[in-house]
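Trainee: Full structure from sequences and hints, please.
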Amino acid sequence: MRAEWQAHIDELLAEYKRRQAGLKQLQERLAAIEAEGESEDGTVKVKVDRQGRLTSVEFDPRGLRRLGSEELAEAVMEASGKAVGEVSAQMKQAMEGLVPEGAAEEGFDLTKLVREPPRDFDAVRERYGLLDR
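In the working numbering, the protein residues as written are 1197 to 1329.
These are calculated hints, taken from the structure and not from any lab test. On a predicted model such as this, the values are computed, not experimentally measured, just so you know. Just so it is clear, CB atoms sit at the ideal spot from N, CA and C, and this is done for glycine as well. All the given hints hold, so there is nothing to weed out.
The list that follows gives simulated cross-link-like pairs (lysine-lysine, DSS-like), each with its CA atoms no further than 25 Å apart:
1) Lys1288 x Lys1241
2) Lys1278 x Lys1243
3) Lys1288 x Lys1243
Pairwise CB distance ranges (calculated):
4) Gln1221 x Glu1267: 40 to 46 Å
5) Arg1215 x Glu1236: 39 to 45 Å
6) Gly1281 x Ala1319: 46 to 52 Å
7) Asp1237 x Ala1285: 20 to 26 Å
8) Ala1228 x Arg1258: 31 to 37 Å
9) Ala1319 x His1204: 18 to 24 Å
10) Ala1269 x Glu1211: 49 to 55 Å
11) Gln1216 x Thr1251: 26 to 32 Å
12) Glu1224 x Gly1281: 21 to 27 Å
Mentor: Written out as structure tokens, the structure reads:
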């Protein structure tokens, strides 16, 4: 095999590994996304995970005494809506330029961008006669 071909193949494999590592880091950052939201009057604070699921709800005891059940429900909905909006903004920012427009809101699976690499690059290169002996 020509040395320039081998060099080009090695360069492509190195670039593939760099991109795969970058995507893995992005997946880890996305998995760690969470956000907090608070009702306008401060009676309710919530946390949500990257999928918008509630992970924490806090009530101000003074607010509980003065709010009826409907107002309390509205405060929870308001706080969680703010938190979900923040998660959506963080996801969109993290994936900007990497996935199709609107995919962040639809729960795009980043693993679809890069297939699983071969475990043994030398075995692949040998199979195709690209490994120097």
